[in-house]
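S.K.: Chain by chain, the residues:
2 protein chains.
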Amino acid sequence: MPKSVKIFSPATVANLSCGFDTLGVALDGKGDTMIFTKTDKNKVVITKIKGANLPYDINQNLVGVIAQKMLNESKADFGLDIEIYKGFIPGSGLGSSAASAAGTAFGVNVLLEGRFNTLELVNYARLGEEVACGSPIADNVSAAIYGGFVLVRSTDPLDVISLPVPDDLFITALHPQIEIKTEDARTILPTKVPLKDAINQWANVGALVSALYSSDYQLLQRALKDYIVEPYRKQLIPHFDDLKKAALQAGALGAGISGAGPTIFALSKGEKLSYEVLEAMGQSYKNKGIDFNIFNSKISTKGVRLI
Amino acid sequence: MPKSVKIFSPATVANLSCGFDTLGVALDGKGDTMIFTKTDKNKVVITKIKGANLPYDINQNLVGVIAQKMLNESKADFGLDIEIYKGFIPGSGLGSSAASAAGTAFGVNVLLEGRFNTLELVNYARLGEEVACGSPIADNVSAAIYGGFVLVRSTDPLDVISLPVPDDLFITALHPQIEIKTEDARTILPTKVPLKDAINQWANVGALVSALYSSDYQLLQRALKDYIVEPYRKQLIPHFDDLKKAALQAGALGAGISGAGPTIFALSKGEKLSYEVLEAMGQSYKNKGIDFNIFNSKISTKGVRLI
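Chains as they are written, first to last, in the UniProt record's numbering: chain A, 1 to 307; chain B, 1 to 307.
A few of these clues could be false.
Identical copies go unnamed one by one, so any copy, or any two together, can satisfy a pair.
Straight line, CA to CA, 27 Å or less: simulated DSS-like cross-link-like pairs of lysine-lysine [stated by the list, open to error]: (1) Lys272 / Lys48; (2) Lys196 / Lys225; (3) Lys272 / Lys38; (4) Lys181 / Lys196.
Since the hints were made in silico from the structure, they are not lab data.
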């Protein structure tokens with residue numbers, strides 16, 4: 001067994017328009033790098049954090065909370081030094097906390113010689129979401145751990161389904177530099193929704209799953225609609241409608257809010273088109289007085305992994 | 001081209017617990033038989049109806065309404081005599097009107113040399129649902145026309161997806177001899193539903209579609225839950241909870257209300273088990289003071305067809 005492991009844990013897009021609190025997908029190339037090193041100190045120490053301003057206190061940083069719990073519950077006879085290299089900033093809506101949480105669950109488990117199964121890792125990683133946003137939501141962490149598309153069928157008990165990834169699918173993400181707290185993005189939602197809209201929504205979730213299995217890009221396009229959440233949350237994102245329109249006019253299959261926002265994602269068939277969508281989204285958002293960054297990524301079939 | 005065609009159009013189960021107004025499936029062996037014969041009379045005549053007490057007036061019987069409209073819109077130079085042999089009674093929740101409607105759309109289209117495509121046939125058949133219950137719902141007619149499992153992604157515009165059928169799936173249906181009007185079954189539903197329940201519901205729709213593609217019977221079992229509709233509609237069906245419990249205890253993957261009811265369906269893996277489920281459901285419902293009939297069927301991969 002190695003004394004030290006280095007892992008990469010991907011950014012993720014949750015919800016995917018129709019699948020609020022249910023669907024998630026992992027991105028390629030964008031994510032956190034973390035190094036976990038066994039020590040004799042019998043405690044967890046976060047020795048380095050780069051790329052974001054996060055607490056070193058292991059009871060306040062979700063990485064520390066998860067690592068301690070895993071060591072305690074497995075009665076480990078070692079401690080850990082942990083280095084965190086954030087590859088993207090918290091509060092983007094791209095699963096920043098989930099990437100660190102999934103990375104921790106995965107990395108610690110390697111040093112524990114793989115004693116926990118994948119679903120148990122999702123459950124540990126969910127603790128991190130609870131630390132970060134008050135709720136043990138599972139869509140981002142599941143996508144980060146499984147890779148590809150996931151469907152969280154149930155959170156209690158946890159039931160995660162790994163879905164197929166069509167070959168030629170790319171995602172464009174534009175992150176306006178504004179802050180939306182996940183809590184605010186949740187509070188803005190109604191507690192009850194029209195049955196009519198809910199029916200449209202679940203028909204689209206079913207259609208999206210079918211589109212992934214059959215690599216039917218046209219069906220995917222028709223299914224990427226959000227009747228329930230987007231009408232509320234888009235109010236928190238300046239110029240959302242224009243940006244979405246720009247993505248769709250450029251040929252994106254669909255566009256919507258990534259997780260709780262403010263990042264807006266677009267899905268495209270083919271890398272070339274995805275760059276046209278990126279260009280159109282960038283053009284649409286420049287000169288709006290809001291800084292942003294924008295990037296393209298292939299959908300990753302791999303989740304968190306050793307590097 | 002033949003002067004006369006004989007068709008079989010299957011009974012169907014709509015909703016399938018999680019997929020209210022979205023999912024449907026066709027049954028094997030149970031359905032309507034109809035004979036369509038070209039005439040020189042330039043009008044549609046229903047010459048025979050067996051198995052149910054339905055109007056001969058072509059403006060009141062959905063079969064007449066659909067047939068006339070198809071002949072008119074295709075400027076046909078012939079009339080039709082139609083014989084209807086109902087294989088199961090209206091008002092059961094097994095898509096009786098849908099079977100006749102799908103049968104008519106299909107049969108007339110054969111005599112029109114197949115000028116309408118499958119989606120157009122669903123649209124004609126939906127007219128029948130509008131005549132029968134006031135709303136052009138598409139789940140039963142889509143299942144009857146396509147066969148197997150279908151997902152109605154949208155009704156406007158109509159978008160129907162054909163889903164895979166696992167090999168070894170059987171359905172048991174118990175029809176209590178009580179009347180539930182589809183209209184009443186719709187009125188009892190709330191116009192708004194808790195977002196929390198809606199999320200559970202669409203997660204299960206996605207899971208059910210995944211289970212069909214992957215022939216994952218255990219996942220199918222977990223997905224066959226209804227958070228939204230069953231709690232209301234089961235009030236219209238005496239002893240529903242006991243009956244469902246009996247089906248599940250006997251090993252059914254799931255059980256619920258077929259369409260608007262009152263028929264209760266159960267899905268089972270394997271024919272042998274489906275007969276045990278049938279036995280348990282029958283035992284549960286006997287001596288309750290309500291007459292019923294009960295039958296088993298394989299899921300049919302074929303929809304309406306020439307015989």
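S.K.: Which earlier hints turn out false for this structure, listed by number in ascending order?
M.R.: Violated: hints 1 and 3.
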